[in-house]
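Asks: Those sequence lines, one after another, are chains A and B. Position 112 of the first sequence, counted from 1, bears residue number 111 in numbering that gives the first Met the number 0, the numbering being contiguous throughout. Position 139 of the second sequence, counted from 1, bears residue number 138 in numbering that gives the first Met the number 0, the numbering being contiguous throughout.
If you're looking for bench data, these hints aren't it; they were derived computationally from the structure. Errors might be hidden in some of the hints.
If chains are identical, the list can't say which one is meant, so a pair holds when it fits in one copy or spans any two.
Unchecked claim - Straight-line Cα separation of at most 25 Å, SDA-like style, residue types lysine to any residue; simulated pairs:
(1) K265 - P295
(2) K323 - R104
(3) K46 - R148
(4) K46 - G149
(5) K46 - E124
(6) K265 - A343
(7) K190 - R217
(8) K46 - A120
(9) K46 - E119
(10) K265 - A338
There are 2 protein chains.
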Amino acid sequence: MSESPLRAPARLTIADVARAAGVSRTTVSHALNDRGQVDPRTREKVKQIAQQLGYRPNLRAQRLRTGKANSIALVSSMPFSVAGGPSRLGFMMEIAGSAMEAALRQGLALVLVPPLDAAEALLDELDIDGAVVIEPAAHDRNVTQLQRRGVQVVSIGRQPEGDQALPYIDLQGYETGRILLQHLAEQGALKTALLIGTQPRHSYVDMEQAYRDFAGAREMPVIIVRAEEAGGESAGREACRALLENHLGIDAICAPVDAFAVGVVKEIQARGLRVPEDIRVVTRYDGLRAQSCQPPLTAVNLHLDEISVLAIDLLFEHINGQVKRRVVTGPAPSLVVRASSSTAAGA
Amino acid sequence: MSESPLRAPARLTIADVARAAGVSRTTVSHALNDRGQVDPRTREKVKQIAQQLGYRPNLRAQRLRTGKANSIALVSSMPFSVAGGPSRLGFMMEIAGSAMEAALRQGLALVLVPPLDAAEALLDELDIDGAVVIEPAAHDRNVTQLQRRGVQVVSIGRQPEGDQALPYIDLQGYETGRILLQHLAEQGALKTALLIGTQPRHSYVDMEQAYRDFAGAREMPVIIVRAEEAGGESAGREACRALLENHLGIDAICAPVDAFAVGVVKEIQARGLRVPEDIRVVTRYDGLRAQSCQPPLTAVNLHLDEISVLAIDLLFEHINGQVKRRVVTGPAPSLVVRASSSTAAGA
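Just chain A, same shape as in the assembly:
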């Protein structure tokens, strides 16, 4: 653990309470913890004095005895250009909002671990009982690091090709892809291209499978291009340029990373083409990026509120060894149609 310059605040000890109550420290300890043989009136008196003095038990000493931190971490391994961004209102923070409430209901505090390289040191130092990792890639460093420490980990979204599969909440990536592609076809798209990230995440793996199956069933050409997540919007724009220059007649682009999708819309418009009249665009996460894009992006409601609660509950179960559920399936993803793929929605 690195040395930090934080000072310890002065704190009342059990000795102060014992002195004020005129009893031994052992009696104070037994009285406050409802243990041992203590006269009920003495117990009451000690509790009263402890409260008057503002005495709080030494949490760290208690934790050392019980081995519990009563804290869990929420960890994102997406690069900052995707997980963060100018408004900082992304996928992770939407999950964090619900997760902190769900954790609270279990008596657990939620610690946030941001998607930055510097977080690696923090992962070694956090006093936590478990962690929820958001959409880990295969061989995710954060997961490995936490497991090496003996911290219980569950993931939101399946970890692909994990050596030891983590318990996870199924984000139903295949179904998400299917409803987006189905919607594009219903809007008249005949030649849909797929733009995904290069990293081995379930969302890309599942989306690609849904796309290949969809194209196969309709004899649609398979046009897939990949971009680096870390490149964010401009990587999406670059990839779109390559798509349009190398393929004629593309009339729809499915770009599940919202930052990529915004780049796609900008590139299409910069070429004097119209969204959605010339090319329809859809994305996955229905966040601020999708909603504030011009035109707003058709996206998928992943029901992250409910997903977060399921993840916290699953983690709690595994920490306690109560159950051995490996997979929990959340609510089905539902389509949110907007003007980027439908002229009707733009009205």
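The hints should help you fit chain B onto chain A, whose structure is shown.
Replies: Quick look at chain B alone, frame taken from chain A:
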């Protein structure tokens, strides 16, 4: 502290390392902490073996010695109907996104404390060195509770009428009010009403002062209505109804709480009036609610990214007793004009 059913994970101890290295536990401790008289080769060997075994120092024992938690909390005292909401993407989560990065740079973990009554118990149990409280009301219970524990607290936004004024980041509520009212006047508004919350928060106090000064300087009638934050959107709608039924000729409404503003727009539209042609509407926080309202709401960029970093830095300084800054002024708020107040912006 309440008992939680969390189990302690098995953990390698210093004795395991000592056994494997064939040295005493004291030697291991000295070697790993670079203390005492240990032969450099032994030190290196112990470190290597500790790493091979995956030994991590017992953080809780270390914390007990140093008295440091290396964690800080982010606390919101706004009711859930305002701070949370269907999408959970509010003011608090935007601050949390930047604050977790800023905390990380100081080597501190950020713990989220949600705006719920149940959080009160958590505030007593959290092992933290300090807390950032978002826009506390006067006599805020969360602040009192934390201070009683000896936890260092700073606030984002001044705490009004505090017995002991907290160190704070100035959110410049007066200036925020001034630019909103100035903008409405420039858009042709002659009779602007103010809709604020009933709670004693700096944002309402400052906004009201700015409004009274503005009205006084222009001989505009002072029309102020208050609503309960906990009522959210429907409370805003109720208040708007009262405004329009009791006052003729209102052509603009300034509603700094975004949930209220959305209710205002719905009430105006339900009456067959148009926003902004008949009544202009503006709000304060430029979040998802403002941006996804129909029409989108003119709002203020409070630069919460930078504000969050300033708050974490100020808290860190106070925890360490390095400086005695009581007030830090952040970047000036800037207007974001949208279709709710400007026909030009709607084009």
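Asks: Each of the hints needs a verdict: does it hold here or not?
Replies: How the hints compare with the structure:
1. Both within a single protomer and between protomers do K265 and P295 lie at most 25 Å apart by alpha-carbon distance, with minima of 12 Å and 21 Å respectively.
2. In this assembly of identical chains, the alpha carbons of K323 and R104 lie at most 25 Å apart only when taken from the same copy (21 Å versus 37 Å across copies).
3. When the C-alpha separation of K46 and R148 is checked against a cutoff of 25 Å, the pair qualifies only between copies, where the shortest distance is 16 Å, while the shortest distance within a copy is 38 Å.
4. In this assembly of identical chains, the alpha carbons of K46 and G149 lie at most 25 Å apart only when taken from different copies (19 Å versus 37 Å within one copy).
5. Proximity of K46 and E124 under a CA criterion of 25 Å is satisfied inter-copy only: 17 Å between copies versus 34 Å inside one chain copy.
6. When the C-alpha separation of K265 and A343 is checked against a cutoff of 25 Å, the pair qualifies both within a copy, at 21 Å, and between copies, at 22 Å.
7. Proximity of K190 and R217 under a CA criterion of 25 Å is satisfied intra-copy only: 10 Å inside one chain copy versus 61 Å between copies.
8. Taking CA atoms no more than 25 Å apart as the test, K46 paired with A120 passes between copies only; the shortest distance there is 18 Å, against 41 Å inside one copy.
9. In this assembly of identical chains, the alpha carbons of K46 and E119 lie at most 25 Å apart only when taken from different copies (20 Å versus 42 Å within one copy).
10. Taking the shortest alpha-carbon separations for K265 and A338, both the intra-copy value of 15 Å and the inter-copy value of 22 Å come in at or below 25 Å.
In the structure shown, no violation is registered for any of the earlier numbered hints.
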